[in-house]
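Just so you know, the sequences run in chain order A, B, C, D, E, F, G, H and I.
Positions 703 to 817 (this note's numbering) are the ones given, in order, by the first sequence.
Positions 2 to 84 (this note's numbering) are the ones given, in order, by the second sequence.
Positions 1055 to 1225 (this note's numbering) are the ones given, in order, by the third sequence.
Positions 273 to 360 (this note's numbering) are the ones given, in order, by the fourth sequence.
Positions 78 to 195 (this note's numbering) are the ones given, in order, by the fifth sequence.
Positions 19 to 167 (this note's numbering) are the ones given, in order, by the sixth sequence.
Positions 851 to 938 (this note's numbering) are the ones given, in order, by the seventh sequence.
Positions 988 to 1499 (this note's numbering) are the ones given, in order, by the eighth sequence.
Positions 87 to 194 (this note's numbering) are the ones given, in order, by the ninth sequence.
There may be inaccurate statements among the hints.
What the hints assert, rightly or not - Keeping only pairs whose Cα atoms sit at most 25 angstroms apart, straight-line, the calculated BS3-like set for lysine-lysine is: (1) H/Lys1106 x H/Lys1014; (2) F/Lys79 x H/Lys1106; (3) H/Lys1106 x F/Lys76.
Unchecked claim - Covered stretches of chain I, as calculated for chain H (at least 3 residues, CB under 8 angstroms): (4) 96-104; (5) 113-122; (6) 149-156; (7) 162-172.
Because the hints were derived from the structure by calculation, they are not lab data.
We treat Cβ as the ideally placed atom computed from N, Cα and C, and that holds for glycine.
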Amino acid sequence: MIGNVPFVVCMVLVLLGLWALLFRRNLVKIVIGVKIIENGVNLYLVATGYVRGGIVPIYTYAPPDAVMVLPTPQALTLTSIVIGLATTALMLAFVVVIHRHKKSLDGRKVTELSG
Amino acid sequence: MTLLAVLQVVILILIVAGSVLAVWLKDLLASVIALGASSLLLALQFYLLQAPDVAIAEAGVGAALTTAIFVLAIRKTQRKEEE
Amino acid sequence: MRRVAEWATTATLAFVVFLVLASFTGRWGVWAPDELLAGGVIALLVGLATGRFAWSRGGWRLLEPQRWLLFLVYLVGPFLYAMARANLDVAWRVITGRINPGIVRFNPGLRTDFGRTFLANSITLTPGTLTVDVDEGSGDFFVHWINVKDPLPTADAVCGPFPEWARRIAE
Amino acid sequence: MRRWGVVVTFLIVAGCLLLGAARMRPFGAPRYDLMDRYFNAFSQREAATNNVVTAIVFDYRGYDTLGEATVLFTAVIGVALVLRRLTR
Amino acid sequence: MNGLIYAFLAIGAAFNALGAVALIRFPDVYTRIHGATKCTTFGSIFSILAVAVYGIAQGGGAGGTMAVRAFLALLFLLLTNPTGSHALARGAHRSGIKPFRAVVDRLEEVGHGHREVP
Amino acid sequence: MSVVVKTIARILVPVILVFGGYVILHGHLTPGGGFQGGAVAASAVALLLVAFGAPAVKRLKAPFSVLEDLGGIAFVVLAFLGLGFTFFANSLAGMGGLFGAPVPTGPNAGILNSGGTVPLMNWAVGFKVLGGLGAVMVLFGLFGGDDDR
Amino acid sequence: MIVALPFAAAGLAMLGFILVCMVRLSIGPTAADRAVALDTINTLVVATMVLLGAAFGLVVLMDVALVYALLSYVGTLYIARYLERGLS
Amino acid sequence: MNLPEHAPILAIAVPLLGAFALPLWAKLHRSLRDGWLALVAGATAALTALVAVQVYTTGIQVYTLGASFPADTVAPGGFPIRIILTVDALSAFMGLITALVAVVGFAYAWRYLAEDEGKTLALTLGTLLWAGMLGMAFTGDLFNLFVFFEVTSIAACGLVGYRTWASRGPEAAFKTMVMYTVGGLFVLLAVALLYGEYGALNLAYLARQIGGSLIDRIALALLLGGLLMKAGAVPLHMWAPDAYGEAPAQAVILLVANTQISLYALFRVLFTLYGGVPDPGVGWLVVALGTLTLLVAALMAVVQMDAGRLVAFGAVSQIGYMLLGVGVGLTAVAARPAYGLVAIQGGIFHMLNDAVAIGLLFLAVGAVERASGSRNLGTLGGLGHDLRWTTGFFLLGALALAGIPPLNGFASKLMIYQSSFLLSPILSALAILASILLLAVFVRAFQGAFLGPRLRKAEPVPVPMLVAMGVLALGVLALGLFPELVVRHLVAPAADALWTGRDLYLQAVLGR
Amino acid sequence: MTLLTGHGFWNPLLWLAAAGGVTLLALLVWSRGRRDYTRGTDGELPFLSGEKAEGAHVGGGHLYWGFVEGLRPYVARLRALHSGLVNDYVAWLVVILAVAFLIVLVGG
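Between the sequences and the hints, there should be enough to build the whole structure, so can you do that?
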């Protein structure tokens, strides 16, 4: 009905995050880009599990004889969300420590390891 | 186009708008705010896709904890994206 | 003794919250017995964990039923009326764009944290006013007033009968 | 110059990903869903839970959850390691 | 009963719209907070009341739970919304944002309570 | 933060914790479960940190990490319980007793003591997530040490 | 599966208001303005969730609205606390 | 309870349990922690060995998690619903490599890490990294692969950021973390694409379903990107020298094993998941990247002045040999000429050789840094007077890595040279050129650091570190002197698992 | 004991025996010479431009100087690519992804 618009939008989010990773030098901005990619992927996962006209896959207070959406992607997305939080926390911890040493967040200024 | 489809499309547009803002703004705090709004609407989209489990997780993690960690990190570093 | 009172208060209120959350689960009554048991355990744990600071300086007084009754009366009576007025006020100002703002200071004479918080939130939701800061020492309120009539107002001029309600409910 | 090269490759990747998303099966109409129909039908009998997602998270795919808990544990240890008091 | 629900929904939507418009139209942070907080809270009250009425009308475990949840959400909103607004106003003032065309600013005079501003 | 925020935080912290407990407790009946409940409860720590400053949550660091370790151990041990069949087998489901009430198939109102090991695992993961995310918040709040009054 | 259409229509209206708030989020001259917009979006999202829960006729969806109503202001508080410290 | 039956999951669950409990033991007392760690490491190594013995003697072992018995892989109707651990010879081989590396690493870390610098946390992260690698090696489920991919990523990055007192450690860790996370998200996106298309997550079931449609191809490209990045193939290797250079030595050898596990996952995807639709283009891509990796990393190693970074580039170039070997096999997998199998054997044998030799080098560099306080080749010199054993070990590792007969690198490289010569002589010439460059590089490093007059004082190296290095040195010698035994008994079954084992793999899981 | 590698074989023990034989041969040749050919003269000392160099050490940076210098123009391009910026790392990932897409979509 709405075609593949949700899938396309998820890919747009992924590409948006990738754009931030490619062209933003600020470290926090890079983490934000990673978060956006992650949002896109999570949305993609949940979108694959949607069934038109389906309801929540929970039997408590459910109407009888209803079609249910696919539950597996939801479980996968839960895992993915918590993993995302873990990576975000660790990356921001690194950013904070880097800033403490270098007093800057610009990728070009904090880089020591090269060549 | 049913009403549900319209709702979904509007929310998707809002999510993309929030993410574009998060990438585009130079002020990191504003960027984080836009990211928070985007994740909020993402939870709404999960809700519409009949995934309340995921929506609760995204609510607890995205609305409170991620924003909190980002703001704390910006607080411990600096706010403006220098050119 | 005082610590026990704090724990018990917090646990009781936590149990009430749990009961509201878990209502309509029983097959015959409103609550299933196992829900009550589990909720009791959770409330006890929460009470033990946060009792020390959660309802500080409240103690048993918070459990007095007449305060809760009064709170409900306040909520559906003056508060709702004031909120409606506040919204119409905002509507008028949005349409006409006539504002005359400023931050004023007044002292409502409330002593406890609860009372001040209660008043501050009421002020924020009611016509033309927004609490910007509360002085912890003197209890002075700094209020952003959208239509300043008097640079040095009394509490009555800014927020009407609310301090009185706050005193009765939360002090 | 280099920037434009990156932009061009980015556009190639973007085109392929968007092509893939557009050529997916239609949204809301999964083609193969044997596994999920099994879950929806039998989780109440096998795992005795009303919430199918929880049944999957903790029973059918509990091992993923273990890995996920490990990720969280690892991240906490990592943050503690990185933000520990500097001794040198 | 349906009429009541429609009325509540209409009022709620109207006040929420007012909040959004106020957010756009007002000139500075404080007045925006005024508009946004009051109107969206009030509008949400009516939306939630509509849902609660719907739930009560449905009856049974599901309807009752729906009403209870709606009221609980309302209570939480009433607790958290003004607090967030207050914190934002205070933060905005301390970060140095002046009220727009203020006739009087007592808080600026006392210098942010007890704290010295750098 | 001001006294208003502090007082509201005092009121809301127990409420958030109870709500987290509810989400964990009813994880197998309504949306929710270990992660979600743990994340909600960890938000209480975030609230404490923002309302009262870093010194107030300083002594929570050690209990939280211990809580996380214990939660992880409990989760693995619960998984080991299934080793009569296989690792992670839901050995308690439908066996009667405290956690093994059978569930009627199809839509129903839900029974709390069903689910076998699922509720227990919910609790283990809930405490683990609470401990882990709480410890992360506390560590972030404490680092640098210049965020308090 | 929308079973109560008026609620869904009201939810759509709320989304429209969120769009308006998004404008403020994008143009807001100061961070405080953006934060106000975020706060407003929070409230509107809670209202939307409650309305859509009724529209779908599913009680179990309402828990999400509760979580949001309870937690959404924590993020706002963090931003406010950051603002309190001045533009450092 | 039947221990051999449950061994695959126990090999993963025991280190996880050990890691969860490790901080608690450390709170009680240090020696309790060390004892517990030794116990857990020993048990895990024994379980891994048990799994390997079973797999090598009786064939593929499956373990269905949560079912009523381990071999209950499919639901009625013939599709798997649960996570299935599928251990074939290659998985067991990778498990053995990780066990060797991890045990040696822990023995080394016992005295290498200082107590007041977060030793407990580093040991915990090491245990978790080991468990994650085992999980990646043993799993038969795509999403589970992603989860353990992330476990290894985060643990590895935590270890890289160990030296927070300098700015370089966190910087390297941040870069590595960003790359790992983005790669992991690509993998997850590929999993989501495959799930959306086929509604399944099991590797074997998906392998049967995949028919080469557009979505399959896009997912293949995403998986290639993510896994090649984690494996550190040029030009996606750039995080690797940073990370290897900055991490503590006992973590670096785990990181090296980690890249190999990613290579394993890549091979699993290419040969098993996409084995039904062989695409020579992908094979050539892998071969090209392998050759590029060899050359670029060796050239980059020539100009390095930091011993850690120098050895790190050497380690990256070894990844190229594995990619080259298995890539040659991949181009040949459709027609199945004999040299393809030899190439795969060479590539897989080189994994073991590389883990041993490069591990020895990194441990020696770590000992040098600990003893003399510097890794700069411009200022080091004459350490051979004080650190006699370390000197010998470094020389042994360097010669082995450069492919000097009769040490172990030579045998595997010979197999790779010969088979790639049959595919294209240029490849083999380039591979030999890279080997010569590496020899020059290591001779330079050896001469600069260890020979010459005594320039600075060096503290003695503690015995446990020497023992750890000695174990690896013995491995270098043994693998070099008896390559035929190793190839016949360990490597050949693993290579067969890639070369012809796809049908057996599917059969073991799906039962048909 | 012989590792067959398709077209050839490899036996380290055989190789060791051969190497031992060659070494013996070399020793034999060496032992035929005069033992005190350079003993006690300047020929024992390291030769550094004719200077007397006590304790001189050719550091790692100086060994193979010509070799490294000869390679330097080629390596300089490579070094420039290792800029150390995360953006460049990700850019290479995108490049490889694009190449993989092209190969997979066009080549198949």
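Okay, the hints, checked on the actual structure:
no.: 1; hint: H/Lys1106 x H/Lys1014; result: 12 angstroms, holds
no.: 2; hint: F/Lys79 x H/Lys1106; result: 19 angstroms, holds
no.: 3; hint: H/Lys1106 x F/Lys76; result: 22 angstroms, holds
no.: 4; hint: 96-104; result: holds (count 6)
no.: 5; hint: 113-122; result: violated (count 0)
no.: 6; hint: 149-156; result: holds (count 4)
no.: 7; hint: 162-172; result: holds (count 6)
This entry does not satisfy hint 5, going by the numbered hints stated previously; all others are met.
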